[in-house]
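All chains should be modelled from the sequences, with the hints used to inform the complete structure.
Residue numbers (this note's numbering), protein chains in the order written: chain R, 1 to 88; chain B, 89 to 223.
FYI, nobody ran anything at the bench for these hints, they're computed from the structure.
Possibly wrong hints are sitting among the right ones.
Short, incomplete list of chain B residues facing chain R, as computed with Cβ under 7 angstroms [stated by the list, open to error]:
1) Met197
2) Ala198
3) Val204
Cβ coordinates follow ideal geometry from the N, Cα and C atoms, glycine included.
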Amino acid sequence: MARFIVIHTPNPEFTQDQLVESAREIWNVLEPGVHWLNSWSAGEINKLFCEWEAPDAEAIRRSLATVEHIISTDEIHSVVQVDPNLFK
Amino acid sequence: MPKFLSDEWIKALQVDINQSEPYAKAAERWEGDFYFIITPEGSMAERVLYYMDLWHGKCRDAYLVADEGEKEPVFRMTAPLSVWEKVVTKKLDVIQGLLTRQVKLKGNMAMIMRNVKAAQELVECCTHIETEFPE
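Below you can see the structure in the form of structure tokens.
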């Protein structure tokens, strides 16, 4: 399964309830084979960087469509993992 | 040793914040006042409110609130005593507390998320105060 980094810009006016409910809603609409693995918040630049596993980028876009008004999706990039231990 | 929920405690925190260079740097652009609301548990009879006026890396005012209506702060954070104890002793990261709604926020969440470092430095100041928590 392919890995993806998804970059989001949260709505700058969101409330705690909107953010948490949106994040919970994502779990209800995930398609088979689509997994939200991890997220990092870069609050100073109002961005979220999220790691996903999915068959393709469109499957992620469909899963995120319902929360687009709270956490808009800027970019989705296919990535490969690089283990730093390889360079020891 | 200041007791948590007392005016003495929040005044001690104000002094610590105003001596903290890391907080001053992290919060240099912050403008916004708070009610920190502690809901009752155990021996607490009623909820307790702390007011803090945080402005550009300094705490301009901090006190135990007698009348909730006397201020209209930009932010209100509410949690039970046991959750606040975990926050101020760094057993629970305040941002994780907000994201899991163990700490309820009224106000602009995005503004808090843009100032995570300031929130963490404020909690760091809390840990400098030897605190007696109620049973």
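Each hint tested on the structure:
| no. | hint | verdict |
| --- | --- | --- |
| 1 | Met197 | holds (5 angstroms) |
| 2 | Ala198 | holds (5 angstroms) |
| 3 | Val204 | holds (5 angstroms) |
When the structure is compared with the earlier hints, no violation turns up for any of them.
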